[in-house]
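Student: Using the sequences and the hints, build the whole thing.
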Amino acid sequence: MKKVLMGNHALSFGAMLSRSQVIAAYPITPQTQVVELLSEMCADGTLDARFIKVESEHSAMAACIGASIAGARTFTATSAQGLALMHELLHWASGGRLPIVMGNINRAMAPGWSIWSDQNDSLSQRDTGWMQFYCSSNQEVLDTVIQAFKVSEKLSIPSMVILDAFSLSHTYEVVNIPDQADVDAYLPPFDPLYRLTPDDPHAFNGLTSPEHYFELRYKLERDMEKAPALIEETGREYERQFGRYLGLADNYLCEDADVVLVTSGTAGSTARVAVDDLRKSGVRVGNLRIKVFRPFPFDTVRRILKNKKKVAVVDRNISYGHHGIFAQEVKSALYGQGEGTTVFGYVCGLGGRDITPQTFREIVDYARTHEAPEEGILWIGVKR
Amino acid sequence: MTKKKEGKKIVFQSEKEMPMMAMSLGSMLYNKTGSWRNIRPEIKTEACIRCGLCWKFCPDTAIEIEDELPVVDYDYCKGCGICAAECPAGCIVMVEERR
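Protein sequence lines correspond, in order, to chains A and B.
If you want the numbering used here, it's the 1-based position in the first sequence plus 20.
If you want the numbering used here, it's the 1-based position in the second sequence plus 16.
Keep in mind the hints are simulated off the structure, nothing from the lab.
Derived CB-CB ranges, DEER-like:
(1) M44(B) x V293(A): 54 to 60 Å
(2) E113(B) x G132(A): 50 to 56 Å
(3) A101(B) x V24(A): 55 to 61 Å
(4) V111(B) x L227(A): 27 to 33 Å
(5) G68(B) x L213(A): 29 to 35 Å
(6) K25(B) x M21(A): 54 to 60 Å
Cβ-to-Cβ under 8 Å is the rule here; a few derived chain A residues that face chain B:
(7) G115
(8) S176
(9) F224
(10) N225
(11) G226
(12) L227
(13) E231
(14) H232
(15) Y238
(16) K239
Pulled from the structure, derived: some chain A residues nowhere near chain B, Cβ distances all over 10 Å:
(17) Q51
(18) G65
(19) I72
(20) Y192
(21) P208
(22) F262
(23) Y272
(24) E359
(25) I400
Note that the Cβ used here is the ideal one computed from N, Cα and C, for glycine as well.
Tutor: Right, dumping it as structure tokens:
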């Protein structure tokens with residue numbers, strides 16, 4: 021069945037089709053319509069789930085952790101300051117090895133107050149041990165929620181499904197909604213190895229001495245390292261069942277490209293338009309859209325960028341005192357891979373400043389006319 | 017305590033033997049947190065109405081019910097006083113810890 025859905029509701033439908041059993045959320049700004057629709061679905065019986073309304077995002081994640089450890093498939097959604105408020109509990113979820121799936125709308129961090137898009141909210145949670153999927157269409161949002169539950173539950177690692185504010189969250193697109201029976205066949209019920217139950221009582225996440233803490237973190241990282249292959253495998257399985265592949269990154273015309281634009285989120289779909297336009301005028305450019313940021317898909321990025329002369333990484337985020345965050349990762353991926361690739365790091369679109377095909381033309385022009393970047397950060401569109 | 021387990025320290029020799037999360041590593045048993053206590057609950061069981069609220073509210077599960085009456089496990093009771101505050105019969109009093 022096809023429906024015209026905004027990105028927020030694509031998240032809701034993804035959570036509904038995944039048969040989420042517990043949804044805990046704080047309902048006020050910076051919350052979005054994701055949980056509004058889910059609360060309606062819970063109220064009218066469309067979704068057989070317990071909806072827990074809480075007084076803060078910190079409590080929302082705490083409720084999700086409790087539900088997940090008891091063995092429920094658990095979903096929540098947030099954005100920006102709400103995600104920041106959850107920060108402590110994000111570590112509890114991943115360290116507790118709970119496969120919670122959360123939608124996050126990429127909104128710029130205050131101050132000044134902003135409800136417009138950039139990625140600093142989710143990228144600030146980079147080291148919390150959550151997987152992060154950056155989506156570029158509402159279809160991908162819905163599909164990725166279902167896949168994320170599957171990957172998360174296999175690895176016991178939580179996932180964030182991330183979409184740009186407004187350019188996806190409030191933008192309506194045609195979305196193919198899979199049949200419930202097909203989703204059920206793809207995603208079996210959550211059956212955790214350990215759960216909190218009176219039948220087999222255990223103390224979870226108590227005091228852990230230096231004799232054991234290190235090994236627990238080692239195990240988390242080892243399982244995280246299994247994620248890239250599992251994401252590709254479950255993505256192919258999804259394609260066989262639903263006709264849409266869900267991978268780690270998209271390669272659009274990178275093979276013969278003189279300049280490869282590296283993007284994430286909706287900037288990726290805008291970049292494709294720019295790539296098509298530029299190719300019409302004889303400029304060989306391509307676009308590598310990185311979808312999965314954690315775990316970082318080193319092998320895929322290396323394979324696509326190998327022997328490329330110029331790589332232009334477009335960041336809608338910034339690590340103050342360093343560079344754009346995807347640029348750091350791409351440079352780290354290319355380290356030791358042979359010389360000859362120059363990485364240009366661009367920062368643009370902070371706080372919801374539009375990223376348009378013209379932005380990409382400017383980016384490509386600079387990369388084509390310079391042997392190397394003149395600055396660590398190449399600022400595009402800042403009024404100076 | 018009828019169901020009291022032995023507070024033995026668990027040490028795994030390899031990560032392969034460990035659960036993936038900090039589950040039942042024994043630290044809740046071998047850490048005798050009762051030594052933190054400054055004041056101790058004393059229960060006048062003759063006034064106890066057997067409602068079980070002290071058992072329910074104790075955040076350290078340091079109250080067991082034996083023959084329908086509450087018994088404090090002083091190895092783990094930190095002396096927070098919640099049981100005394102909640103007791104509707106007023107039969108739990110907090111007294112200065114004897115050293």
